Amino acid sequence: MIKRDLVIVGAGPAGMAAALAAHDAGVKDILLLDRDQYLGGILNQCIHTGFGLQYFKEELTGPEYAERFIERVRKASGIEVSLQTFVVNLTKDKVLTCLKPGAMLEIKAKALIMATGCRERTREMIFVPGSRPAGIFPAGLAQKLINIEGLMPGNEVVIIGSGDIGLIMARRFTLEGARVKAVIEIESKTRGLVRNVVQCLEDFDIPLYFRHKVSEICGQDRVEKVRVVEVDDGYREKPGTEFEITCDTVLVSVGLIPENEIIELAGVYDVNNIEVPGLFVCGNSFKVYDLVDSVTRDSEKAGKLAAEYLGSLK
Amino acid sequence: MSLKRYDVLIIGGGVTGVSIARELSRYRLSIGLLEKEAELAFGVSKSNSGIVHPGTHNPPDSLKGRLCVEGNWLMREVARDLGVHFEEVGELVVIFKEEERKELLRIKKDAEILGVPGVRIVDRAWLDEHEPNLNSRAIAALYAPTAGIISPYRLVYDLAENAKKNWVEIHTSHQVTGITRKDDFEVCTDQGVFRSRYVINAAGLFADEIANMAGITDIKIVPWKGEEFMLDKKKTGLTRQLLFPLPTPHSKGTLFIRTSDGNPMIGPTSYEARSKTDLSTTEKGLNEVLKNVRRLVPSVNKGDIIAYFAGLRPKAGNDFIIRHEGSVPGFVNVAGIQSPGLTAAPAIALMVVDLLRKNGLELRKSPTFQKHRQPTEHLFAIPFSRTKKLIKQDSAYADIVCRCEMVSAKEVRDAIKRGARTMDGIKFRTRAQAGRCHGGFCTTRLMKILSQELGVPVSEVTKRGKGSEMVKKERGGK
Numbered sequence: 005m006i007k008r009d010l011v012i013v014g015a016g017p018a019g020m021a022a023a024l025a026a027h028d029a030g031v032k033d034i035l036l037l038d039r040d041q042y043l044g045g046i047l048n049q050c051i052h053t054g055f056g057l058q059y060f061k062e063e064l065t066g067p068e069y070a071e072r073f074i075e076r077v078r079k080a081s082g083i084e085v086s087l088q089t090f091v092v093n094l095t096k097d098k099v100l101t102c103l104k105p106g107a108m109l110e111i112k113a114k115a116l117i118m119a120t121g122c123r124e125r126t127r128e129m130i131f132v133p134g135s136r137p138a139g140i141f142p143a144g145l146a147q148k149l150i151n152i153e154g155l156m157p158g159n160e161v162v163i164i165g166s167g168d169i170g171l172i173m174a175r176r177f178t179l180e181g182a183r184v185k186a187v188i189e190i191e192s193k194t195r196g197l198v199r200n201v202v203q204c205l206e207d208f209d210i211p212l213y214f215r216h217k218v219s220e221i222c223g224q225d226r227v228e229k230v231r232v233v234e235v236d237d238g239y240r241e242k243p244g245t246e247f248e249i250t251c252d253t254v255l256v257s258v259g260l261i262p263e264n265e266i267i268e269l270a271g272v273y274d275v276n277n278i279e280v281p282g283l284f285v286c287g288n289s290f291k292v293y294d295l296v297d298s299v300t301r302d303s304e305k306a307g308k309l310a311a312e313y314l315g316s317l318k
Numbered sequence: 446m447s448l449k450r451y452d453v454l455i456i457g458g459g460v461t462g463v464s465i466a467r468e469l470s471r472y473r474l475s476i477g478l479l480e481k482e483a484e485l486a487f488g489v490s491k492s493n494s495g496i497v498h499p500g501t502h503n504p505p506d507s508l509k510g511r512l513c514v515e516g517n518w519l520m521r522e523v524a525r526d527l528g529v530h531f532e533e534v535g536e537l538v539v540i541f542k543e544e545e546r547k548e549l550l551r552i553k554k555d556a557e558i559l560g561v562p563g564v565r566i567v568d569r570a571w572l573d574e575h576e577p578n579l580n581s582r583a584i585a586a587l588y589a590p591t592a593g594i595i596s597p598y599r600l601v602y603d604l605a606e607n608a609k610k611n612w613v614e615i616h617t618s619h620q621v622t623g624i625t626r627k628d629d630f631e632v633c634t635d636q637g638v639f640r641s642r643y644v645i646n647a648a649g650l651f652a653d654e655i656a657n658m659a660g661i662t663d664i665k666i667v668p669w670k671g672e673e674f675m676l677d678k679k680k681t682g683l684t685r686q687l688l689f690p691l692p693t694p695h696s697k698g699t700l701f702i703r704t705s706d707g708n709p710m711i712g713p714t715s716y717e718a719r720s721k722t723d724l725s726t727t728e729k730g731l732n733e734v735l736k737n738v739r740r741l742v743p744s745v746n747k748g749d750i751i752a753y754f755a756g757l758r759p760k761a762g763n764d765f766i767i768r769h770e771g772s773v774p775g776f777v778n779v780a781g782i783q784s785p786g787l788t789a790a791p792a793i794a795l796m797v798v799d800l801l802r803k804n805g806l807e808l809r810k811s812p813t814f815q816k817h818r819q820p821t822e823h824l825f826a827i828p829f830s831r832t833k834k835l836i837k838q839d840s841a842y843a844d845i846v847c848r849c850e851m852v853s854a855k856e857v858r859d860a861i862k863r864g865a866r867t868m869d870g871i872k873f874r875t876r877a878q879a880g881r882c883h884g885g886f887c888t889t890r891l892m893k894i895l896s897q898e899l900g901v902p903v904s905e906v907t908k909r910g911k912g913s914e915m916v917k918k919e920r921g922g923k
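If you're matching them up, the sequences are chains U and X in order. Take 5 as the starting number for the first sequence in the numbering used here and just add one per residue. Take 446 as the starting number for the second sequence in the numbering used here and just add one per residue.
Don't take each hint at face value.
Unchecked claim - Think about it this way: if two alpha-carbon atoms lie no more than 25 Å apart in a straight line, the pair counts; the simulated BS3-like pairs of lysine-lysine are:
{"no.": "1", "chain 1": "X", "residue 1": "833", "chain 2": "U", "residue 2": "98"}
{"no.": "2", "chain 1": "X", "residue 1": "917", "chain 2": "U", "residue 2": "112"}
{"no.": "3", "chain 1": "X", "residue 1": "610", "chain 2": "U", "residue 2": "96"}
Stated by the list, open to error - Sample of chain X residues facing chain U (criterion: CB under 10 Å; computed from the structure):
{"no.": "4", "residue": "450"}
{"no.": "5", "residue": "740"}
{"no.": "6", "residue": "743"}
{"no.": "7", "residue": "744"}
{"no.": "8", "residue": "747"}
{"no.": "9", "residue": "848"}
{"no.": "10", "residue": "908"}
Calculated directly from the structure, the hints in this document are not laboratory data. These numbers were taken from a predicted model, which means no experiment stands behind them. Quick reminder that beta carbons are idealized off the backbone N, C-alpha and C, glycines included.
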């Protein structure tokens, strides 16, 4: 079994900030794990600007923001990075079981920081009725397809929910030559940042329907159209307000939820009440933040707390 | 244009068709199977709940009743030979009022006439001990210990793989367009003509249309919809047995089901669909299923649901139709195979073989028949000690593609080698994309693996066959 002072799971903005803060506070035996092939996490697919306004007082793209931390992580002599490393188990004693190509490892951590980020809520979680053809994507997956894989998911798009990723993708699809026909939001105000509504929808004349919902997705093999209906304050459908929009693609952007499946394996179900000493949760896996700048600040705190905890063991 | 000649040609690649194909492959025959979809099990079978019924829900004088009990027994051997996970979990038909006891006893009597082993009435104390999360207002239940669970997709794929090994030729993406009869049958498809001495119609929802092509006009298939809702794997241990309410004249009611993959499932609904291709789910269906299932297990939450889908039962009256057509010698209809069709499949296969024998097909055992199949490995189903051994054999077992369901790149490539051609085909075989993130994280990786293994551009990867391409084009392309 491998033994380390501090193990950090997740090398996105949260994990890197936590690692650097702990390192600055004197921890010199840090193992930073990520399941992907590169550092930076989801920032790599966020090629739009708007990152770092608070933390760096500069406007950066996602990859630029990540790069500032990646450089420091690479230079920090006490931080070892292990990529393509997938955690499959965690015990109450902070023993991690990990898979990486060719190996299964057991790692005992004196202190452990979980920086596992969040995942998108899905169409299934909001119970959109209808069929299940090709052409329905969580907005973040569509972002990855375009920005990382160089693939165009569709030509005529309807977006369910006004979450930030959906708004960003409305602009991205438009810039790529697709037609974004509508954003359908069941609430009476946007879930995303106001600046994204202005810069991603209004600047491109994309209609945003508040108090509306998609009542059915139609299509056999590929999405063909959606049915849209207005709802009242109790989310009940208003009769006679139904209309259809033809489209070949539906994006779903209805919020994010923290990914905490790993700590559940160790019996921890509430991030505000962690009974395992030396276990910390930070960034979007603690709470979904609007800005990456806040993720960084929150995670730096976790890094410092982990360093203090390790200090208290001596 | 191909002009293949078979002894037996089976139309339909669901659990019925492949069970018949595999059973026939024990004999020295040339056998073909046609499936219109891109992969097997993409029709009725893909929405099956995976219950291996004990035989408690059918009238004693029905084909369903006899073949279900026989199939339940035979399924164990099929699962053993093919290395498919089968688990005997037992079932409970639960009652809440004393007035319902009479009906429960009637069901028990029917089951006993059919020879369902071990059925008995269990009381509240038994339920407290053996099914702690069952509604405390349940007063008694009929317990049938031989009920089991199996993965419906893996059963079909593994039967087909074994049939292929025993020389059955399987043609997917072949839609039958006409049937004529000279000395042999000539079955026309959109990809060529096939000749055969015998034709078996196992075309599921479309069995009436296929029968019509052969001149049989008295079969009508009504698509009967069932919406099912899958719960998060975290809820795996919620129940121990399969839970049924008292059945209604039209259906078995809303069930709480354990599945072979670990995720509990609730459903199904039961009503006539708009068409044979209407697989939409509805808000009404969701509300009905939730309300009904909470009578059985009150702690079920809407938030536990991670996926849902609809399936269509091919309903042709109340019973199966399995018969050799005297007016079209050599033509066998296997129609109306709704529940308990999956359970009955091995028994249906034996019955069809017998019908063929009685109608002139000479059956000589094939000396080369191999009944066993190398089992497929699934990391989610094995202990870490076994995973460690597998990683030593092939490092790609440690390359995890699907995080929610823990599926490795090796399992995905194996699935493609064993016949997966589409994203749904990978999902059904491996569970990648079937977890709580719904493919949000693994879709791009899976598309790339499919593209590499099949040697097609990634933009041509489909969800479930032609017309369902995952993306429209490459960025900047036309």
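Status of the hints after comparison with the structure:
no., hint, verdict
1, X:833 / U:98, "holds (20 Å)"
2, X:917 / U:112, "violated (47 Å)"
3, X:610 / U:96, "violated (48 Å)"
4, 450, "violated (33 Å)"
5, 740, "violated (21 Å)"
6, 743, "violated (21 Å)"
7, 744, "violated (16 Å)"
8, 747, "holds (8 Å)"
9, 848, "holds (7 Å)"
10, 908, "holds (4 Å)"
The structure shown violates the earlier hints numbered 2, 3, 4, 5, 6 and 7.
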